[in-house]
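If you read the protein sequences in the order shown, they are chains D and L. The opening residue of the first sequence carries number 1 in the working numbering; numbering runs sequentially from there. The opening residue of the second sequence carries number 1 in the working numbering; numbering runs sequentially from there.
In case anyone wonders, no lab produced these hints; they're calculated from the structure. Treat the numbers as computed from the prediction; the structure is a model and nothing was measured. Ideal Cβ positions, reconstructed from N, Cα and C, are used throughout, including at glycine. Careful: at least some of the hints might be erroneous.
Cβ pair distances, simulated, as ranges [as the list claims (entries may be wrong)]: (1) L:Arg-80 <-> D:Arg-114: 22 to 32 Å; (2) D:Glu-286 <-> L:Arg-80: 50 to 60 Å; (3) D:Ala-105 <-> L:Gln-39: 35 to 45 Å; (4) D:Glu-177 <-> L:Leu-193: 48 to 58 Å.
Far from chain D, some chain L residues (derived; all Cβ distances over 10 Å) [claimed, not checked]: (5) Glu-33; (6) Gln-39; (7) Glu-77.
To spell it out: a stretch of chain D is covered by chain L in this simulated footprint if at least three of its residues, at any positions, have a beta carbon under 8 Å from a beta carbon of chain L; those stretches are [claimed, not checked]: (8) 31–38; (9) 300–307.
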Amino acid sequence: MTARPGSDGGPRWASFAQRCDDALLDPFLRHKLRHAMDLAVAGRLRRVSEEPRWEDMRDHAHAIRWHVVGALHTYLEQFIERAEARGAHVHWADDAEQARRQVLAIAREHECRRVLKSKSMVTEEIGLRHALESAGMVVKETDLGELIVQWAGEAPSHLTGPAAHKSRGDIGRLIAEQLGVPFTDDPRALTGLVRDHLRGDFLTADLGISGANFLIAETGSVTIVENEGNARLVTGLAPVHVVVAGIERILPRLADLEVFLQLLAGSNAGQKLTAYTSVITGHRREHEVGGPEHVHVVLVDNGRSRMLADPIMRPALMCIRCAACLNVCPVYRRVGGHAYGWCYPGPIGQVLGADMWSEQEGYDLAFGSTLCGACAEACPVRIDLPTVLLRLRQRAAEAEAPGGAAERRRFRLWAFAMRHPRIYRMLPNWLLRLGMRVAPEIPRRVAPGWVATRDLPEPAPQTFAQRWRSTGGFSHD
Amino acid sequence: MTEAAAAGLKRIREALQSSEMPELPPVLSLAPEETPSPQAMVQRFRSEFEALGGRFFWEPGSETATDRLSKLLRDGELRRVACFDVPWLTSLVRGAGVEPFEKDLSVCDVCITTAHMLVAEQGLIVMAASPWGPRAASSLSPVHIVVAQFAQLVWGLGDALARIGEVIEDGEMPSDIVFIAGPSRTADIEKTLVIPAHGPRELCVVLIGEAGPPAEAGAGEEPA
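With the rest of the complex left out, here is chain L (with noise of 0.2 Å):
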């Protein structure tokens, strides 16, 4: 600690000497009284996260959300694809036809990556700074695509933040750890929504496991 700081503090201390210090709370619960079942957990993720203009798939497996990533990659006329080394994910990618570098973010025409976690109940994607997840993963590519498993998923921003410890590479504070709530967006001139502002113009996610979506409700279809 400075110098300067030391007595900046002690300034502190003597402008709080007389009054008397109020108990620190212990932190609110926002949880649920009941575990939400995973259905419900993967519809409130995909009603929030479609709200927030994203797109949602949901895939029983690997092989049919490596189809779904041919299909985005495909539909998208992405070519030049980004991805950093998770094995799962890159044989994934490869298995989609793609050759994935790994260098300039600010060349390619998608970021393919994973999600330490995303979160349910606001449709949040989490990421944190990791030999797989650079800090301009979610931010300089033009499309930005999650694929994340079914086990990443929690229910609650205080069930994240709780569980940030377990999901990062060796239980330290990553340098940067960021919350996504869709595409950048801005409302800066007349208060009217632009999407996107600097980040992704598109932002998917493409969740396997957990069974995927029941027959009738249209495995991994296209939002309306």
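The following block holds chain D by itself, in its conformation from the complex (with noise of 0.2 Å):
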């Protein structure tokens, strides 16, 4: 069983060892993640060796994401002066309750009933679809990743392909379930069905929530990414949309999106674009046909701030939500993402979860990860992932937080015996063998969270350097 997060998008800390635990017992998961990352994966080196300005355009992105965020207050400004000369209402929520708060009092302002969402990381952070429901609201998920985990009962697993956990026999049991048709794991059927199934809620809905890819300061717009044709209908025939956006999603100007529509399509999954890019300015103008008669933003602190004016954690908020790091992450492609406990997982949720939620308990994460720089090497905006981690770290042990202390004795340890080699040398080999037949149940009581799913073998009867001597060293001929 893999465990689920909370719905409500907030922390389940206690056991993130025990979750990535439950995950390794599952065959299945990793199966499924291995042949979905691999597909994304294959697809952006595809996409990066066919672009010879690949490496251009990461190093413009990271010039320019650096900035927008070392200047994050002048664009924010300059933003919500255009949207609102366009027309649009933008609110600020310092965290996720106030963020919950106003979004519902936009619904209850305008009498919405049917709301319809499309992907938004974001509105999974602040947990604003139970909210809605909670006031007696009918709320439906409508890419098909969404609105398949919202029928599971499950959160979003990966930050572009939110079902990437479900076979799709899995998900052919529950849109049979869901929908009272006969069962069939075939994509295109199945895909079919929910197209037809939301048509309806297309054409009724009354108020249309997404999320924001990137804010454009110059022309106060909001640009929104998706390959489904879903976010078209959800932010472009209710009277009403809302569009809630974390306050770093800023970009400059309107030309950046040259690059960035780019970088962000092809390190997700190697599209040269995503097939739709909506920009949208303030509410449909009087000679336009069709269109919201109201839109308004809600911009998310919850926490952003914090991390901003904290060096370590600052370049986190450069992220463009891609989800390459996932994708190549060694960890996360055996866990899969509700083992992270939160909405963000990978290598990016790791140093998010540090500071958005408890501090203490968010260093746990940090500590999950093999600092490989897969990610690093993967990030289209140049995010220096393995270190933010290992400064974590860093931290963590200063804090004394939990490990903290244990390893460092453990390591203090190790750092006096990596000092002494012959004491070193007396350790080992003989002394072990010995210990290991005389008491073989020793490594269960020092170790027993290691043993539980690994052999511990008997050391070879000769050191390295034993046989390095024996053998004549290392040998030219």
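Put the complex together from the two separate chains, hints included.
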């Protein structure tokens, strides 16, 4: 059983390690993830190899995002001014609770009952769907993957592929049950069923909620990228459109989209661009046909300004949520998104988690990484995620956070042994061999977690150093 | 600006107080050094758009475009035709032997529109909210046919973004601009690509003008 994180987006730290263990015991999960992630990574690599300007684009994107993060107040102010000038109502939420209340108030103000959502991680972060449902509204996800996990009563397990942890069989059974149709596991047929099912909802919804991939300061516009066309319908048909956006998702100029749209689509799964990119500026104007009469933008801080003030965490605000770091992460690829315990999984989720929730517990996540650097290599805006994770670990050790004190003791012992080769050499191997023969239960006592799923082999008769000497050492022959 | 927003901005200013702000880099130009020829632009658009699953037709003038349109409508058995008020386009549609209607996009067989721009490099259709371009045109109808003039074709996404101010009706940002890269798609079930998702099942572009295809390229042949 895969652990299911709290559907309010909140953290369930108590057992990150336990959730990883659970996930690792599920062989199907690993298989499904590997299949999906391999395809995404292969797509990205193909795109990178055919685009000679890719690395220039990454350098440029890094420079722009670092600039924006360092001047965030200027660009936010500009965005708010321009968006309001075009008739959008801009709201500011300090935290998740305020953001939920604001969206709820907007929905009530316009007397909305039937709410449709397009894919948005920040609405997961603030637990918006449940807040609206608790207030008596009918809320439906419209992204295929999101709708699948909504129907399953789960949370998304990937930033861009919410149902990456489910097989076609899982999804087929779920849809058959939800729609009362005969079972099929054919993706084309299943997509068709959901398309038909949602069509009526699109035409009758009275509130559409979306996220934002980029906010454009220059024009006060909101940019939304998607492939399914559901966000077009969510944002274009209902009379009221609410955008929920993290305050860091700003780009200075409309022209910056050329680089960022390509990096986002390419890094995610190798597309040149997603099927639809919408640039939305305010509500419907008089001469236009269709479009909402009211547009609200809820800007969500929820810990971001705190991260901004923290030099270790600030680089994480450059993130554009492409999911490339998840796709390549050897940990994510085995444990899946639910193990991380909140809405942002993978390397970026480990970093964001360190601040956005309880500091002490958040550091727990920072240790669930091999620091192999694959994420930094993939990141389109060049966030040095391994270094950030390493600094967070350092902070944990200094703060005596869980694991910190014990780990420090172990490493002090290790460091002592490493500095005294004689003592180090005395320790293995005959002693260990003898010990394991006389008292084979010792490893289980000393490191029960470690040996529960691993064999501790008996040490070889000779150490490497002994062998080195006996074979005459390094030879050029 | 609300008080909450002002307070939020103040908090951010304080958070950033001690840090240096690096310069904003100029926009990175991805434009090719030489302007591609009209032929090269159309070829690029065709190959990108077809790779995305769209159908592309290049017609030398309105006459052949009318024929193309009537063939598309006939072959697809598309009877209820939605088309919004662009004089040259409506007369083209009427020439193809159909009377277009303007009302309900959710019950039409096909929606015929023009585009504000086509982008060759990525095979994009650019449409802005306008009197003739309802937001749902690109998503609600089962088939979407875009008829565009050669002058509407630009090379790169950067060119399109730079020209938005010129091509929209009154120079102000419309409430919506959409960049369409082929028919809607999803890969949410085991990464299997499915077309369409919620958008039109078929997306066609009929490009008119700048001489049309050279004779040997087979004027407006069906894509293989």
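Provide an ascending list of the numbers of those earlier hints which the structure does not satisfy. Violated hints: 2, 3 and 4; rest satisfied.
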